[in-house]
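Take a look at the letters that make up each chain.
There are 2 protein chains.
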Amino acid sequence: MLRPAEERIVHVPLGERAYDILIGPGLIGRAGGEFTARLKGRRAAIITDENVASHYLAPLMDSLQTDGIEAVSLTLPAGEKTKSFDNLAAVADMVLSAKIERNDAVIALGGGVIGDLAGFAAGIVRRGVRFVQIPTSLLAQVDSSVGGKTGINTRHGKNLLGAFHQPDLVLADTAVLDSLSPREFRAGYAEVVKYGLIDKPYFFHWLEKHWKQVFEGGPERNEAIAISCQAKADVVVEDERETGRRALLNLGHTFGHALEAATAYDSSRLVHGEGVAIGMVLAHQFSARLNLASPDDAQRVAAHLSEVGLPTRITDIEGELPPTDVLLDAIAQDKKVKGGKLTFILTRGVGHSFVADDVPPSEVASFLEDMRS
Amino acid sequence: MLRPAEERIVHVPLGERAYDILIGPGLIGRAGGEFTARLKGRRAAIITDENVASHYLAPLMDSLQTDGIEAVSLTLPAGEKTKSFDNLAAVADMVLSAKIERNDAVIALGGGVIGDLAGFAAGIVRRGVRFVQIPTSLLAQVDSSVGGKTGINTRHGKNLLGAFHQPDLVLADTAVLDSLSPREFRAGYAEVVKYGLIDKPYFFHWLEKHWKQVFEGGPERNEAIAISCQAKADVVVEDERETGRRALLNLGHTFGHALEAATAYDSSRLVHGEGVAIGMVLAHQFSARLNLASPDDAQRVAAHLSEVGLPTRITDIEGELPPTDVLLDAIAQDKKVKGGKLTFILTRGVGHSFVADDVPPSEVASFLEDMRS
Ligand SMILES: NC(=O)c1ccc[n+]([C@@H]2O[C@H](COP(=O)([O-])OP(=O)(O)OC[C@H]3O[C@@H](n4cnc5c(N)ncnc54)[C@H](O)[C@@H]3O)[C@@H](O)[C@H]2O)c1
Ligand SMILES: NC(=O)c1ccc[n+]([C@@H]2O[C@H](COP(=O)([O-])OP(=O)(O)OC[C@H]3O[C@@H](n4cnc5c(N)ncnc54)[C@H](O)[C@@H]3O)[C@@H](O)[C@H]2O)c1
Ligand SMILES: [Zn+2]
Ligand SMILES: [Zn+2]
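Chains as they are written, first to last, in our numbering: chain A, 64 to 436; chain B, 64 to 436.
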């Protein structure tokens, strides 16, 4: 198969669950060929959302049809609320109606919401059918489409029901990011930065220099996405079922989730990646306060995130926030409390994060108090 | 821990998913101790049905409480209809309300219906929490509680949604079978016989001699259940995800499922084990007709099953049955058709079953036609 020069392949070596992530512009137009080259079945059920369908459903269907794949589609409303038990039932029913067998595939065409929902359905129909991710948001391309975590939300909280179900193929068409809103692009970019901050200081440095080209598109965007996928894949391969090292991926997320909860998941005030951006700055500042890292590092992280247009301070969030003890409750709920201590991802500096499971809640409280004034 | 002399342990060596099956009378009364000896968590959510709850829920709760386990319970109506998407939602919600974390457990107390439903919920809550099976029907003790297959039914068919989720502990309390109806006991016994017919001629021989004691209770019952669990465990370990050898467990089931479908799953006419009994006799007769086995073997199998009170002929089923081509359609649907040929479990004689994937549908049709007159 002819591939554009800039196309990248990240292989995820998970034994009999191994798969490829293809990264490059125009992959949706070649989806049929990549599908038939890797999967035995010739039927597919595409799950997508309204925003994404309007741009990319027809081209995807065309490409599949050209290569002899019989495809049907289900278009759901866009947004986090779509990750519900009712929609899981609807997707499963649609997949069964389409007579998808174990070797046929469910295809997720969309952001993390569609990927999580469709992947969960693919994991439970006939106790697991093939699954192809075509992530269309930056967050989905660099994070949610890699690793096999799928799920839905319940009234008890986010992602509380789900399955580990690895995809059989991921097609990250980097050209589709042009239709993503700038705000969603920035939010996904926060996760790209995260990989640098965890353990790739040179990557963070590169992003400081090249972020404009990443935002504009072109080879640097491809490169940044490929490095991010590789970073996520490395962690997943080491710790597929999330018992240890995979926790590092939560850098910025403990504070971030608490802020998302504090804004009642109102995306007009804060989207996930924005919470992560603020959370990563806080993690660096908190590490400096604990004398683990230099305050210059926190300053450097904040400067970069703010340059691309991301919020970096709690006070950047519009509207009222609940009192600090409510934030702290959310933090204690998010990360398991071990003998009264909290688990946090802290850092010794840019690119040197680690898991700390002995953080006293009182330290966090007084830190947050100071950060809010 | 003190164990009665007749208690058996079957270990299922599935690597990090390895677990023990304990088999013996009185295990429900010792459930708390076995739980705390093996699981880290100290919370449990018990799922059961109305028939089983009336006898065994209170003793189980008592035992757990005595050993310091905080347990809550949900009692559902008995019967196959309970394996629904709505009940999956109800169980998942209850488990989350009970704040069951990854190391805590869902406990299935009941027959295969409760085991399949509760196991599925345990597999998806937080992408998998601990799972304890306390099977109370003979079928559940010798078959459904071992192997990790869980699931529910949909309008498209039986067990079409589910997960592979191995239990962490199985407690088969053989004394509880005393309250099982004789008809349900016999139905489960058909699956016990199956293990002999697959590849244990000596076990079938032993059952011919000792079936009365198996039905009455006592050491022979224990022994028969332990041998059956071991047989199922052996197959599961060889083929956890059901891609090859596990197919042998379908001996008698292709014909059996077709007969269940033909009676519209009306359990007053035919329960699963009865369909399997007839199906196993048919598999032996069909093998004889194909000159693979001696007709004497089919005769011997029919004699034993009929001695214990199981049906052995299509004509034993009360009421009208659909025409043969409808039965054949059900068979073709049940087992994948490969290039126009059917896959069947056939036999070269008692204890010598094998997978045949080249059975011409026309042969099956004329055979069934003859068997109905
Ligand atoms: N499974 C995992 O490992 C994992 C990891 C991180 C996040 N997540 C989940 O991912 C979800 C968030 O993902 P997300 O940020 O992609 O949200 P999303 O799926 O809601 O997409 C964001 C918005 O962008 C739109 N969109 C997507 N691609 C587009 C395109 N190419 N052009 C125009 N519009 C487009 C969507 O319709 C939506 O309105 C959350 O539910 C989160 O829990 C999962
Ligand atoms: N997961 C698997 O590998 C697997 C294998 C075989 C069958 N199954 C499933 O198992 C189910 C059938 O299991 P089943 O036959 O146990 O059905 P069941 O759970 O409906 O139990 C049969 C009846 O016996 C009652 N009962 C159970 N234990 C009792 C006791 N000790 N005393 C009095 N009454 C009792 C139940 O309330 C029910 O009315 C089917 O849904 C089938 O699909 C699953
Ligand atoms: Zn994130
Ligand atoms: Zn059976």
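What the hints contain is simulated information worked out from the structure, not anything from laboratory work.
Any given hint could turn out to be false.
A pair holds if it fits inside one copy or across any two, identical chains being indistinguishable in the list.
[As the list claims (entries may be wrong)] Below, simulated BS3-like cross-link-like pairs (lysine-lysine); rule was C-alpha separation at most 30 Å, straight line:
1) Lys404 to Lys103
2) Lys404 to Lys221
3) Lys103 to Lys221
4) Lys144 to Lys404
5) Lys162 to Lys404
6) Lys263 to Lys404
7) Lys275 to Lys103
8) Lys162 to Lys103
9) Lys275 to Lys263
10) Lys221 to Lys272
11) Lys162 to Lys144
12) Lys275 to Lys162
Determine which of the earlier numbered hints do not hold for this structure and return their numbers in increasing order. 4, 7, 10, 12
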